[in-house]
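Chemist: Sequence:
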Amino acid sequence: MAIPFRAAARVADIPPTTVWSEFTPLAIEVGAINLGQGFPAYTPDPFVRELAAAAVQSEDPMANQYCRSQGHPELVKWIQKRYSELLKRDINLAQIEVTNGTTQAINLTLQACVDAGQEVIILEPHFDTYGMGIEMASAIPKYVSLHPKGTTGNEWYLDFDELKAAITPGKTRGILFNTPQNVPGKVWTLQEMEQIAKIATENNLLIFADEVYDRLVFDGCEHISMGSLPGMFERTITMASCGKTLATTGWKVGWVVAPEPICQAIHNAQTLQSFCICTPLQMAAGRALEAMAHNGYLEDLPKRYLARREQLCDVLRDIGLTPTVPQGAFFVLADITSVPEKLYVKPTDEDIAKDWHFCRWMTRDLGVTAIPTTAFCRKESRHMYEKYIRFAFCKSEENITEAGKRLQ
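Residue numbers (the numbering used here): 1 to 408.
Hints in this document: simulated from the structure, not taken from any laboratory. Watch out, some of these pointers could steer you wrong.
Using 30 Å as the maximum straight-line C-alpha spacing, the simulated BS3-like pairs for lysine-lysine come out as follows [to be verified]:
1. K198 - K88
2. K342 - K171
3. K149 - K198
In this text, all values refer to a predicted model and were calculated from it rather than measured experimentally.
Hey, can you work out the whole structure from these sequences and the hints?
Modeler: Pasting the structure below:
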């Protein structure tokens with residue numbers, strides 16, 4: 001006999017279904033081309049797979065056992081070198097923590113740095129787990145909207161007065177900052193980041209910097225880490241992973257780089273969750289990240305994605321949807337206002353925006369899946385973003401071509 005069960009308050013309000021649990025299974029059910037969820041639809045390069053196999057098959061008895069909790073030395077050595085260059089300072093081992101992907105890095109950081117009742121500002125559209133992660137830390141998400149403009153991701157802009165107005169003195173703990181930003185593919189400029197840094201400094205805020213797309217930057221733009229700006233390392237927690245760079249999202253190998261006291265607090269939380277991350281995959285990640293600087297992979301990576309970006313944007317233009325061309329990450333927004341609403345808006349009791357109706361219709365009737373942009377914002381901001389749907393171009397050229405045929 002089942003006993004009555006009530007979920008703990010920290011998880012009770014998390015929706016039982018998400019945009020991912022709806023659209024990915026729906027795409028599989030109807031045989032749609034899935035250009036929605038942001039995982040590469042191809043295998044990692046041979047050198048990456050070979051290094052993973054070698055690590056698992058190693059005769060070293062410790063290669064498949066627990067490793068150093070803060071991170072395996074082979075991976076940590078690469079992180080130390082990379083972020084000493086990126087952050088323009090000598091990074092030491094006490095400033096590095098390896099995590100189970102960037103999602104865990106964010107959640108660990110929030111649990112380690114934010115007290116119950118404090119506020120964390122999110123710049124929307126945002127990756128959908130940000131708000132729930134803040135709430136699970138018993139904190140309060142506050143939202144500031146990017147304003148759509150033009151036909152490129154970098155044209156979308158932040159009203160800095162709106163950012164200032166969202167700060168509650170003595171209560172706001174920090175800003176969750178994503179560059180390149182998942183939606184709309186914005187690579188923040190130095191001038192924009194300097195303004196955010198000034199606001200953070202004046203209000204004694206932390207910056208929780210999600211930089212998972214740092215290697216995917218196009219059109220002559222430059223990825224800049226917030227922690228590299230003058231005076232910002234001391235208040236910035238930088239987070240990233242190997243998943244997007246190496247096309248290994250399933251490895252879930254990420255990391256945090258932060259000042260020692262902050263990193264120690266994150267480590268304290270980490271030891272009570274996973275203790276350490278998969279040892280052979282850390283070894284393989286460290287070796288692959290080191291190898292990519294010498295075998296041509298790193299130079300070739302943005303070129304590969306740029307070709308797919310152009311292919312997808314051409315498909316969208318051919319069918320009459322104006323793309324928002326991203327300067328970073330691997331997503332393109334498409335403006336659906338040219339499509340008559342009578343084709344896709346269906347009567348429903350659900351409280352969903354037009355883009356959600358559109359993505360359901362396109363998946364079921366046309367056999368192509370995208371993701372509604374309003375999945376990445378609060379309800380009050382839907383009117384700003386519901387004319388956009390999000391496509392991922394981290395897919396095979398064949399899949400993008402086939403999607404174009406189905407959408408004609």
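Chemist: Which hint numbers does the structure go against, in order from smallest to largest?
Modeler: 2
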